[in-house]
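First to last, the protein sequences are chains A and C.
Residue numbers for the first sequence follow my numbering, so the first one is 32 and each next one is one higher.
Residue numbers for the second sequence follow my numbering, so the first one is 5 and each next one is one higher.
It is worth saying that the hints were derived from the structure and are not from the lab.
All clues given are correct.
With a straight-line Cα cutoff of 16 Å, these simulated EDC-like cross-link-like pairs (lysine to aspartate or glutamate) come out: (1) A:Lys-130 / C:Asp-63; (2) A:Lys-130 / C:Glu-60; (3) A:Lys-130 / C:Asp-55.
Quantities reported herein were computed from a predicted structural model and do not represent experimental measurements.
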Amino acid sequence: SQQGEEDPQALSIQEGENATMNCSYKTSINNLQWYRQNSGRGLVHLILIRSNEREKHSGRLRVTLDTSKKSSSLLITASRAADTASYFCATASKTSYDKVIFGPGTSLSVIP
Amino acid sequence: DVKVTQSSRYLVKRTGEKVFLECVQDMDHENMFWYRQDPGLGLRLIYFSYDVKMKEKGDIPEGYSVSREKKERFSLILESASTNQTSMYLCASSLGNMNTEAFFGQGTRLTVV
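Using the sequences and the hints, build the whole thing.
Encoded structure:
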């Protein structure tokens, strides 16, 4: 079963706008991560937020985590055409061996 | 930089063939993972390994096996390839011990005909 579920499935915005993607999960986690995948390539790690953290920033990325609601959001500010990609949240559960489980992803299109 | 290398970018195999997908990482990571990625389904975990010779089933292990004889290498084996195993296969590694940032290979697009 899916641990993380992203919302929306697809998002299309104009360059310069902000993009917000959400992720919900089901069980207790050690941390939550966001990844980006450009078409046909492997995934690239963007940011990791631990279960005891509420917000984290990295450049134009802002991630929030609400463990009471079992949800996270990824905000990309001042989007660029190069941000066009699929974005995945992934959780490492509190079960053994740090198994990393991915959601189905959000496909982001940034229109120049 | 961490490097995770998958042996093939594209692969075409016939139904019934035994297929080996190889993955090598160069950062002494404890954990290694095999995922398959299909449109609309995201990444699904097939198997993972947290140590040499150790393996754990993921969500969709049926039809697959794995081998981890050396820490840096994690192989995915399709014992008898079938057309429903046509997919993108992604290998990843992570340090483990709750430091779970995963590093991915470039992917192998396998077509079974």
